[in-house]
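Q: First to last, the sequence lines map onto chains E and U.
Mapping of the first sequence onto UniProt numbering: position 231 corresponds to residue 231, and the numbering continues sequentially without gaps.
Mapping of the second sequence onto UniProt numbering: position 153 corresponds to residue 153, and the numbering continues sequentially without gaps.
Watch out, some of these pointers could steer you wrong.
As the list claims (entries may be wrong) - To be clear about the criterion: a stretch of chain U counts as covered by chain E if any three or more of its residues have a C-beta under 8 Å from a C-beta of chain E, and this derived list gives those stretches:
| id | segment |
| --- | --- |
| 1 | 51-60 |
| 2 | 83-91 |
| 3 | 106-112 |
| 4 | 115-121 |
| 5 | 165-176 |
What the hints assert, rightly or not - Here are the simulated DSS-like cross-link-like pairs (lysine-lysine), alpha carbons at most 30 Å apart as the crow flies:
| id | chain 1 | residue 1 | chain 2 | residue 2 |
| --- | --- | --- | --- | --- |
| 6 | U | K124 | E | K182 |
| 7 | U | K135 | E | K156 |
| 8 | U | K85 | U | K174 |
| 9 | E | K171 | E | K156 |
| 10 | U | K203 | U | K77 |
| 11 | U | K126 | E | K179 |
| 12 | U | K147 | E | K182 |
| 13 | U | K64 | U | K75 |
Rather than coming from a laboratory, the hints here were simulated on the basis of the structure.
For each residue, glycine too, the CB sits at the ideal point set by N, CA and C.
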Amino acid sequence: MNRLLLNKIILVLSTLSAVIGISFLFWILATLTYKGVSSLHISTFTNDLVEGGIRNLLVGQFTMATIASVIAIPIGMFAGIWLREYSNNSKLASVIRNLSDVMMSAPSIVIGVFVYAIFVAPFGSYNGFAGIIALTIMMIPIIISTTDNMLALVPKELREAGIALGGSKHKIIMQIVVKAAKVGITTGILLSFARIIGETAPLLFTSANNQFFTMDLTGQFPSLTVSIYNLATYPDEASRELAWAASFVLTAIVLIINLTGRYMTRNKK
Amino acid sequence: MSNLIMETKDFNFTYAGVDDPSLKNINLPIEKNKITAMIGPSGCGKSTLLRAMNRIHDLYPGNKYEGEINLYGAKGKENILDLKKENDLISLRQQVGMIFQKPTPFPMSIYDNVAYGMKLAGVKNKSELDGRVEKALKDAAIWNETKDRMNTSALGMSGGQQQRLCIARAVALKPEVMLFDEPTSALDPISTGAIEELIAELKKDVSVVIVTHNMQQASRLSDYTAFMYLGDMVEYDKTDTIFMNPNEKLTEDYITGRFG
Numbered sequence: 001m002n003r004l005l006l007n008k009i010i011l012v013l014s015t016l017s018a019v020i021g022i023s024f025l026f027w028i029l030a031t032l033t034y035k036g037v038s039s040l041h042i043s044t045f046t047n048d049l050v051e052g053g054i055r056n057l058l059v060g061q062f063t064m065a066t067i068a069s070v071i072a073i074p075i076g077m078f079a080g081i082w083l084r085e086y087s088n089n090s091k092l093a094s095v096i097r098n099l100s101d102v103m104m105s106a107p108s109i110v111i112g113v114f115v116y117a118i119f120v121a122p123f124g125s126y127n128g129f130a131g132i133i134a135l136t137i138m139m140i141p142i143i144i145s146t147t148d149n150m151l152a153l154v155p156k157e158l159r160e161a162g163i164a165l166g167g168s169k170h171k172i173i174m175q176i177v178v179k180a181a182k183v184g185i186t187t188g189i190l191l192s193f194a195r196i197i198g199e200t201a202p203l204l205f206t207s208a209n210n211q212f213f214t215m216d217l218t219g220q221f222p223s224l225t226v227s228i229y230n231l232a233t234y235p236d237e238a239s240r241e242l243a244w245a246a247s248f249v250l251t252a253i254v255l256i257i258n259l260t261g262r263y264m265t266r267n268k269k
Numbered sequence: 001m002s003n004l005i006m007e008t009k010d011f012n013f014t015y016a017g018v019d020d021p022s023l024k025n026i027n028l029p030i031e032k033n034k035i036t037a038m039i040g041p042s043g044c045g046k047s048t049l050l051r052a053m054n055r056i057h058d059l060y061p062g063n064k065y066e067g068e069i070n071l072y073g074a075k076g077k078e079n080i081l082d083l084k085k086e087n088d089l090i091s092l093r094q095q096v097g098m099i100f101q102k103p104t105p106f107p108m109s110i111y112d113n114v115a116y117g118m119k120l121a122g123v124k125n126k127s128e129l130d131g132r133v134e135k136a137l138k139d140a141a142i143w144n145e146t147k148d149r150m151n152t153s154a155l156g157m158s159g160g161q162q163q164r165l166c167i168a169r170a171v172a173l174k175p176e177v178m179l180f181d182e183p184t185s186a187l188d189p190i191s192t193g194a195i196e197e198l199i200a201e202l203k204k205d206v207s208v209v210i211v212t213h214n215m216q217q218a219s220r221l222s223d224y225t226a227f228m229y230l231g232d233m234v235e236y237d238k239t240d241t242i243f244m245n246p247n248e249k250l251t252e253d254y255i256t257g258r259f260g
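Chain E extracted, bound-state conformation:
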């Protein structure tokens, strides 16, 4: 009797917790959609920030995130490949693996401050390159860890079979092992892209923001996330509406990238 009662209490409590957790998520999504969609117009996408749109912000955010990915993906992947395939789990490898894990959970504002000190202060102005560097620093450890973990899932027999067929180690790793882990690594890359595209803190005092359309990375660079941060604090209604619209667009982008990643992993099975 007691046992059954306890079972019911636990069931009610856990259901309640789940409902509370999920309802917050839906609350956020519902508010965003309601406020965001009503503030969205065609002109939101065709105008730059000076004219009350987010065109330059989207282009700027994607430019920085894409360049950061182009730098971070090869570095992270090669580091991950080295860790899993070449390091033989040496002392150095475990130090690097731990450091990379620590970097992954480093507060992003700290990375922003660091890049400010190294690449902004000496040059005397905020610049797009500094923003890219901050995003790259954020992305590298995520890619290292993904590559490392996904390669670990490839059975060692596959490597041995390749070697036994007369392959050299680097050919087997590049042509077979990485290929076998391709879906997992691609998913990880997508998720890490989704992560950095929504970051504000590393950009806040590196690339800062720009109201105008620009591709000049040596100066202040337009950013969607920093704009949301700024616009939301302005007193006028138009700015706050634009902040809602921008937030909705950003959420939609992150959600789509995330779902694509998850869909890919599911299709693997």
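Chain E is already provided as a structure; the job is to place chain U on it using the hints.
A: Okay, now just chain U, sitting in the frame of chain E:
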């Protein structure tokens, strides 16, 4: 007299980080175009010995080989433990192929799986590749099942088909010796039968060494049998002798199922 393709002489093997050798003074002849079976309880070192014969242990640093393993290949007698350069090891593995316990198809098409080893060996001519892929698949008795789906992924095949594909892949390189490490222990009885038939066919062209836990398989398939126990080679003889009239009490006890 005997016609050897390989032999181990006073061979010792020690795994990295271990003091005692896992294999002690192994002297094993491998007869040309015959099937040699290695039997013994788990942990006796039979797989370790097999994996020394194509130096696959070199993938993991710190392992130690002592003694000799001679290969009487196209280049004449060669102690494979003397090989140092990666290219020499690659050439060794092209002469001494290996099939694993679990099928190991590569994540690519059936055709590419079979062509892969040849491409590594430098075969570029498309029509030569096509011809040798077809021949290898026929030799591995899997041509009829694969000829209409050459460009589909090998990962979609059944376990038994995958294992025959792996054999085709190895055969395509025209090796002198093929090493089988419990090739049927992950397969159902019908696939096992197919693989056994295939191995019996193969000995026309290659010499076979097979590690097996299945005593019937060893007696059905092999010409010679080596019985190993705790890193020692207890007895080596014609398969009939080992199974009917072994010299050692230990061999008899193992074969009759008294331990192991």
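Q: Run every hint past the structure and note whether it holds.
A: So, going through the hints one by one against the coordinates:
Coverage of a stretch by a chain is defined here by at least three residues with a beta carbon nearer than 8 Å to that chain's beta carbons; for the segment 51-60 of chain U and chain E the count is 4, and the condition holds. With 3 residues carrying a beta carbon less than 8 Å from a beta carbon of chain E, the segment 83-91 of chain U meets the three-residue requirement, and the given coverage holds. For the segment 106-112 of chain U, the proposed coverage by chain E is satisfied: 3 residues have a C-beta within less than 8 Å of a C-beta in that chain, meeting the threshold of three. Interface restraint, the segment 115-121 of chain U with chain E: holds (4 residues with C-beta to C-beta distance below 8 Å; minimum three).
Three residues within the 8 Å Cβ limit are the bar, and the segment 165-176 of chain U against chain E gives 4, so the coverage statement holds. For the suggested pair K124 (chain U) and K182 (chain E), the alpha carbons sit about 26 Å apart, so the restraint of at most 30 Å is met. This hinted pair checks out: K135 (chain U) and K156 (chain E) have alpha carbons roughly 29 Å apart, not beyond 30 Å. Taking the CA atoms of K85 (chain U) and K174 (chain U), the gap is near 22 Å; set against the 30 Å cutoff, the hint holds.
Taking the CA atoms of K171 (chain E) and K156 (chain E), the gap is about 15 Å. The hint holds against a cut of 30 Å. Between K203 (chain U) and K77 (chain U) the CA atoms are separated by roughly 21 Å; this keeps the pair inside 30 Å, and the hint holds. A threshold of 30 Å between alpha carbons decides the hint, and for K126 (chain U) with K179 (chain E) the separation of about 23 Å falls inside it, so the pair holds. A distance of roughly 27 Å separates the Cα atoms of K147 (chain U) and K182 (chain E); the hinted pair therefore holds under the 30 Å criterion.
Restraint check for K64 (chain U) and K75 (chain U): the C-alpha separation of about 25 Å stays at or below 30 Å, so the hint holds.
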